[in-house]
Amino acid sequence: MLKQTLAVTAMNLKAIPQRLGTSSVIVIGIAGVVAVLVSVLAMAAGFHQTVANSGRDDRALVLRGGSQAEINSVIPRDSVQTILDAPGVRKTAQGKPIGCGEVVTIVNLPRIKDDNDSNVTLRGSCEQLQTLRPEIRLVQGRMFKPAVRELIAGAGAAQQFKGLTLGGQLHFRDSDWTVVGIFTSNGDAHESDLMADVDTVQSAFRRTGFQSVTALLESPARFDAFKDALTTNPTLTVDVRREREYYADQSKQLTKLLNFVAYFVGGIMAIGAMFGALNTMYSAVSARSREIATLRALGFGSTPVVLSVFAESLLLALAGAAIGAALAWLFFNGNAVSTLGRNFSQVVFRLTVTPELMLAGVWLGLFIGLLGGLFPALRAARLPIVDALRAS
Amino acid sequence: MNDIVTLQGVAKRYTRGKETVEVLHSLDLTIPQGDFVALMGPSGSGKTTLLNLIGGLDQPSDGEVRVAGERIDGLSGAALARWRARHVGFIFQFYNLMPTLSAQANVELPLLLTPLSKAQRRQNAQIALQIVGLADRAKHKPSELSGGQQQRVAIARALVADPTLLVCDEPTGDLDRKTADEVLSLLQTLNREHGKTIVMVTHDPKAAEYAQRQLHMDKGTLVPGNVP
Chain A
1 MLKQTLAVTA MNLKAIPQRL GTSSVIVIGI AGVVAVLVSV LAMAAGFHQT
51 VANSGRDDRA LVLRGGSQAE INSVIPRDSV QTILDAPGVR KTAQGKPIGC
101 GEVVTIVNLP RIKDDNDSNV TLRGSCEQLQ TLRPEIRLVQ GRMFKPAVRE
151 LIAGAGAAQQ FKGLTLGGQL HFRDSDWTVV GIFTSNGDAH ESDLMADVDT
201 VQSAFRRTGF QSVTALLESP ARFDAFKDAL TTNPTLTVDV RREREYYADQ
251 SKQLTKLLNF VAYFVGGIMA IGAMFGALNT MYSAVSARSR EIATLRALGF
301 GSTPVVLSVF AESLLLALAG AAIGAALAWL FFNGNAVSTL GRNFSQVVFR
351 LTVTPELMLA GVWLGLFIGL LGGLFPALRA ARLPIVDALR AS
Chain R
1 MNDIVTLQGV AKRYTRGKET VEVLHSLDLT IPQGDFVALM GPSGSGKTTL
51 LNLIGGLDQP SDGEVRVAGE RIDGLSGAAL ARWRARHVGF IFQFYNLMPT
101 LSAQANVELP LLLTPLSKAQ RRQNAQIALQ IVGLADRAKH KPSELSGGQQ
151 QRVAIARALV ADPTLLVCDE PTGDLDRKTA DEVLSLLQTL NREHGKTIVM
201 VTHDPKAAEY AQRQLHMDKG TLVPGNVP
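Line by line, the protein sequences are chains A and R.
The first sequence maps to residues 1 to 392 in the UniProt record's numbering.
The second sequence maps to residues 1 to 228 in the UniProt record's numbering.
The set of hints was computed from the structure by calculation and includes no laboratory data.
Everything numeric in this text was worked out from a predicted model, so none of it was measured.
Ideal placement from N, C-alpha and C gives every residue a C-beta, glycine not left out.
Treat each hint with caution, since some may be false.
To be verified - Straight-line Cα separation of at most 27 angstroms, BS3-like style, residue types lysine-lysine; simulated pairs:
| hint | chain 1 | residue 1 | chain 2 | residue 2 |
| --- | --- | --- | --- | --- |
| 1 | A | K91 | A | K227 |
| 2 | R | K206 | R | K178 |
| 3 | A | K14 | R | K118 |
| 4 | A | K252 | A | K227 |
| 5 | A | K227 | A | K96 |
| 6 | A | K145 | A | K162 |
| 7 | R | K141 | A | K14 |
| 8 | A | K3 | R | K178 |
| 9 | A | K14 | A | K3 |
| 10 | R | K178 | R | K139 |
| 11 | A | K14 | R | K139 |
| 12 | R | K139 | A | K3 |
| 13 | A | K91 | A | K162 |
| 14 | R | K219 | R | K18 |
| 15 | R | K118 | A | K3 |
Claimed, not checked - Okay, the calculated beta carbon distance ranges per label pair:
| hint | chain 1 | residue 1 | chain 2 | residue 2 | range |
| --- | --- | --- | --- | --- | --- |
| 16 | R | S26 | A | K14 | 54 to 62 angstroms |
| 17 | A | K14 | R | A119 | 19 to 27 angstroms |
| 18 | R | E193 | A | F275 | 30 to 38 angstroms |
| 19 | A | F275 | R | S76 | 50 to 58 angstroms |
| 20 | A | L318 | R | P32 | 53 to 61 angstroms |
| 21 | A | K256 | R | S76 | 35 to 43 angstroms |
Just chain A, same shape as in the assembly (with noise of 0.2 angstroms):
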């Protein structure tokens, strides 16, 4: 049996090089849909990792009492130092807690790639940004300085939009802001932003309360006390949530959306290719239909023959998913993109085309193909040998 495959195998895909337009039809069919439900999915990959990953569990972010996001929470300034001196915050050596008040504002900056103006987020936070969150590294220039108009942009904002430089000057609310860092912060949601001293920001966009506050916690142990202690207490009406959570709460429906759109558009995609590969393969067995009748005068059995459609039909289509998989990984993997996320603001992120990515994508092109080869090789098994005999 094995043998009969291979040999009848072998001299359907020696046919092929005859019947190149055709089989192109799988092939270039399948590498569509992979490429497509790849770098979707890659989009969604890379979102979900730049926004869930941000965050740590030892950090608490409390905002008002039924805020789904920063932007629509106000938090006033009385209550940021109850907050901070809630038991479970972690102190430095001064006895000091560990947590900014932080301010969150939208400012319009000009894309680089067509200029059009897109909002993107401005952080007002305390000196003690870089003690609460460490992942935050000046790569260039220096920190921001407390009362002057002065900010540090994240990297990932810096390759996307206009002026965010060095020694750049950006124009908001009637005042000039000069950029004097730029900060990576392990590729999470935060380099999306700009961030500035918060009082500053109050000042400059007339605000007199925060958005949120940020604690950093004696251990992620540590969050039930802190929670309990100000949802218990009478004077804040606030929701405290583990950072990492709040990212991935606010990663979850672009990346249900991301997904959906890989999903429904390959699938669509997906059958079309399968009635291109189902068209392939009928009209290779129809072109072979002498050549198998032949065989099976001489002896082969059905099986062999439909195996060998099978083989053919998958062989085509794992060439196009590897096509369409490479096409994905060489133009999309690594591409910083960005779109609207959390806060209204635009969210800075990398296309990942991950190798889990490429493997899926592989296997919807078998599947279309062994789709596509079902009917066909059913067709080649059932094949008259007397009337196929015949056929010119």
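Once you've looked at the hints, dock chain R against the given chain A.
Below, chain R alone, put in the same frame as chain A:
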């Protein structure tokens, strides 16, 4: 002499839509071992249908078909395929060679259904190509061979597994006279010198003269006087 082919009361009917057409009517026939029979008759007389029944490519609607000592009517498709591989060598009008394979590989095809080793398969295929006078064309693809040469490769393929019976459907129908004579002489040699039993369908009276016996068919029956 043993009978290789015995048909008793064989009928074949086809259904086309609501209509049933009987193309063979209660046919009896015996072909002894070592015979070379030419089946002749006008188009539609049923000679190819009869050949297909003898070769195990088709099943009768009624009657008994016994070939090479085995009753083959009623065998399953898979069993019939195995039976054909053991007992029948086919030669077709249009050669039916695999275009992507060399002459040698085409001849080796039936041997893939045997337990022979690769080296043995190669050796047997070379011998079969020598018998048909094409040992020097072993590596050529069918497209690089003339019609006569292609048919001789097909004959080598039919011979290579040493079948009980050679079944030829218009083997010279696509060849010019001179080449046809060469192919028919080869079949005659296989019959006379190698003792091969051959059943050949042909329209060509000159081709039929190479056979030991001529059977004439008309309207689904053998014309009396020709049946032994």
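Status of the hints after comparison with the structure:
1. A/K91 - A/K227: Cα-Cα ~17 angstroms, so holds.
2. R/K206 - R/K178: 12 angstroms, holds
3. A/K14 - R/K118: 20 angstroms, holds
4. A/K252 - A/K227: 23 angstroms, holds
5. A/K227 - A/K96: Judged against 27 angstroms, a Cα distance of about 19 angstroms means the pair holds.
6. A/K145 - A/K162: Holds - the C-alpha atoms of A/K162 and A/K145 are around 22 angstroms apart, at most 27 angstroms.
7. R/K141 - A/K14: 12 angstroms, holds
8. A/K3 - R/K178: Violated, because 39 angstroms separates the two Cα atoms, which is more than 27 angstroms.
9. A/K14 - A/K3: Holds, at roughly 16 angstroms.
10. R/K178 - R/K139: 25 angstroms, holds
11. A/K14 - R/K139: With a Cα-Cα distance of about 16 angstroms, the restraint between A/K14 and R/K139 holds, given a limit of 27 angstroms.
12. R/K139 - A/K3: Roughly 21 angstroms between the alpha carbons, so the hint for R/K139 and A/K3 holds.
13. A/K91 - A/K162: Distance of about 39 angstroms is beyond 27 angstroms: violated.
14. R/K219 - R/K18: 21 angstroms, holds
15. R/K118 - A/K3: Roughly 11 angstroms between the alpha carbons, so the hint for R/K118 and A/K3 holds.
16. R/S26 - A/K14: 54 to 62 angstroms: Since R/S26 and A/K14 have Cβ atoms about 47 angstroms apart, the given range 54 to 62 angstroms is violated.
17. A/K14 - R/A119: 19 to 27 angstroms: 22 angstroms, holds
18. R/E193 - A/F275: 30 to 38 angstroms: Violated: the Cβ-Cβ distance is about 56 angstroms, outside 30 to 38 angstroms.
19. A/F275 - R/S76: 50 to 58 angstroms: 34 angstroms, violated
20. A/L318 - R/P32: 53 to 61 angstroms: The hinted range 53 to 61 angstroms holds for A/L318 and R/P32, with Cβ atoms some 55 angstroms apart.
21. A/K256 - R/S76: 35 to 43 angstroms: 54 angstroms, violated
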